[in-house]
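Residue numbers (this note's numbering), protein chains in the order written: chain A, 1 to 142; chain B, 1 to 142; chain C, 1 to 142.
No wet-lab data here; the hints were simulated from the structure. A hint or two may mislead.
It does not matter which identical chain is used: a pair holds within one copy or between any two.
Result set (DMTMM-like, lysine to aspartate or glutamate): computed pairs, CA atoms no more than 20 Å apart in a straight line [what the hints assert, rightly or not]:
hint	residue 1	residue 2
1	Lys65	Glu79
2	Lys3	Glu79
3	Lys66	Asp18
4	Lys65	Asp75
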Amino acid sequence: MMKLHCDNIEIATGIGPDIVNITPQLGAIVRQAGVLNGSLQATVIGSTGSLTTIEFEPGVVEDLKKAISRLASPDAVYEHEKAWHDGNGHSHVQAALLGPSIVVPIRSGSLALGTWQQVVTINHDNRPRRRRIEITIIGHDL
Amino acid sequence: MMKLHCDNIEIATGIGPDIVNITPQLGAIVRQAGVLNGSLQATVIGSTGSLTTIEFEPGVVEDLKKAISRLASPDAVYEHEKAWHDGNGHSHVQAALLGPSIVVPIRSGSLALGTWQQVVTINHDNRPRRRRIEITIIGHDL
Amino acid sequence: MMKLHCDNIEIATGIGPDIVNITPQLGAIVRQAGVLNGSLQATVIGSTGSLTTIEFEPGVVEDLKKAISRLASPDAVYEHEKAWHDGNGHSHVQAALLGPSIVVPIRSGSLALGTWQQVVTINHDNRPRRRRIEITIIGHDL
Numbered sequence: 001m002m003k004l005h006c007d008n009i010e011i012a013t014g015i016g017p018d019i020v021n022i023t024p025q026l027g028a029i030v031r032q033a034g035v036l037n038g039s040l041q042a043t044v045i046g047s048t049g050s051l052t053t054i055e056f057e058p059g060v061v062e063d064l065k066k067a068i069s070r071l072a073s074p075d076a077v078y079e080h081e082k083a084w085h086d087g088n089g090h091s092h093v094q095a096a097l098l099g100p101s102i103v104v105p106i107r108s109g110s111l112a113l114g115t116w117q118q119v120v121t122i123n124h125d126n127r128p129r130r131r132r133i134e135i136t137i138i139g140h141d142l
Numbered sequence: 001m002m003k004l005h006c007d008n009i010e011i012a013t014g015i016g017p018d019i020v021n022i023t024p025q026l027g028a029i030v031r032q033a034g035v036l037n038g039s040l041q042a043t044v045i046g047s048t049g050s051l052t053t054i055e056f057e058p059g060v061v062e063d064l065k066k067a068i069s070r071l072a073s074p075d076a077v078y079e080h081e082k083a084w085h086d087g088n089g090h091s092h093v094q095a096a097l098l099g100p101s102i103v104v105p106i107r108s109g110s111l112a113l114g115t116w117q118q119v120v121t122i123n124h125d126n127r128p129r130r131r132r133i134e135i136t137i138i139g140h141d142l
Numbered sequence: 001m002m003k004l005h006c007d008n009i010e011i012a013t014g015i016g017p018d019i020v021n022i023t024p025q026l027g028a029i030v031r032q033a034g035v036l037n038g039s040l041q042a043t044v045i046g047s048t049g050s051l052t053t054i055e056f057e058p059g060v061v062e063d064l065k066k067a068i069s070r071l072a073s074p075d076a077v078y079e080h081e082k083a084w085h086d087g088n089g090h091s092h093v094q095a096a097l098l099g100p101s102i103v104v105p106i107r108s109g110s111l112a113l114g115t116w117q118q119v120v121t122i123n124h125d126n127r128p129r130r131r132r133i134e135i136t137i138i139g140h141d142l
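Could you put the whole structure together from the sequences, leaning on the hints where they help?
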């Protein structure tokens with residue numbers, strides 16, 4: 001039987017770019033959903049967050065933060081700033097370039113990821129944010 | 001009951017990078033689909049277009065255009081140009097880096113987005129284009 | 001009737017950035033799935049691979065490789081390198097920025113793509129890799 005399961009998680013994140021591993025939380029939702037094979041779709045709510053996968057180890061996390069800051073530096077001049085004065089013009093640009101959504105396959109009841117591959121959410125905002133991530137799982141039930 | 005609904009929209013876009021808010025059109029399709037909870041998957045057809053989310057206000061739009069042009073400048077030298085002479089080598093590179101597809105959750109019959117978050121399509125081509133975006137909605141019906 | 005079909009492909013890729021057209025393989029799986037309208041979700045397994053669409057011609061392939069190397073140069077200094085000494089710090093950063101997943105619509109029994117648009121997997125690693133791509137198809141059957 002096909003089954004659809006909707007859920008969400010809320011993740012505390014620090015000043016951007018902050019990169020948080022959400023694989024354990026996603027894995028727990030997959031188990032709860034009771035899906036054998038299918039896919040998990042995740043989208044971060046808000047225009048200064050993004051989702052991707054990385055090897056979640058301190059070196060890669062640091063390297064990715066630097067690369068993100070090169071894409072849109074907090075020190076550059078932003079039109080958004082001229083209108084809103086909230087100091088996060090770079091956050092909006094970074095998040096748009098990385099994108100808010102991701103699809104992760106579910107196989108044999110678990111997320112199918114590489115040995116060193118984890119799903120992360122990135123807060124690009126210039127202040128700590130509580131990030132909500134909406135999750136839609138579709139698949140055959142166990 | 002689970003339901004699947006396929007549709008598409010066509011959007012007029014200007015010379016790239018041009019960023020167009022398609023949230024109203026997507027919202028109308030969600031209402032028409034009659035889905036309570038599930039997800040909307042959207043993909044732009046063509047190799048010089050992309051999809052993402054932003055806060056759609058003039059400042060961010062301008063900032064994102066500049067960042068996209070830094071990723072692949074129209075003034076750089078492109079191998080694509082040497083073979084095809086259509087002046088859009090940068091368009092292909094920009095679109096590939098941003099990606100053609102996005103997933104947006106549907107909750108309580110509406111797109112789940114942040115207060116300031118809109119779905120946009122970006123035309124990266126060096127001429128105005130009519131962009132077709134294919135939409136697949138899966139969810140439980142109302 | 002709605003139908004869900006899971007499958008995977010394995011693709012030999014060269015030293016990164018290497019860009020391989022996987023559209024024929026995806027098309028074959030769509031035909032096998034027997035789905036009329038719906039979508040194909042694909043995710044590359046591993047933290048140094050990515051998926052996107054391009055016009056797969058030698059010029060664009062070359063231009064995209066250059067742009068990817070600008071995002072994170074193999075010649076830069078990486079924290080990942082200091083800990084692991086495997087020379088692929090840039091690979092992790094590039095893959096995270098491009099993203100591991102994509103959604104392609106299925107219409108009238110075939111992938112809906114632009115005339116010049118193909119789905120590609122990119123190996124960002126600094127050695128040849130066999131890449132597994134997991135595919136989930138959901139749609140109405142033929």
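Hints, verified against the model:
no. : hint          : result
1   : Lys65 x Glu79 : between (23 Å within a copy, 11 Å between copies)
2   : Lys3 x Glu79  : neither (45 Å within a copy, 43 Å between copies)
3   : Lys66 x Asp18 : within (11 Å within a copy, 24 Å between copies)
4   : Lys65 x Asp75 : both (15 Å within a copy, 18 Å between copies)
In this structure, the one hint that does not hold is number 2.
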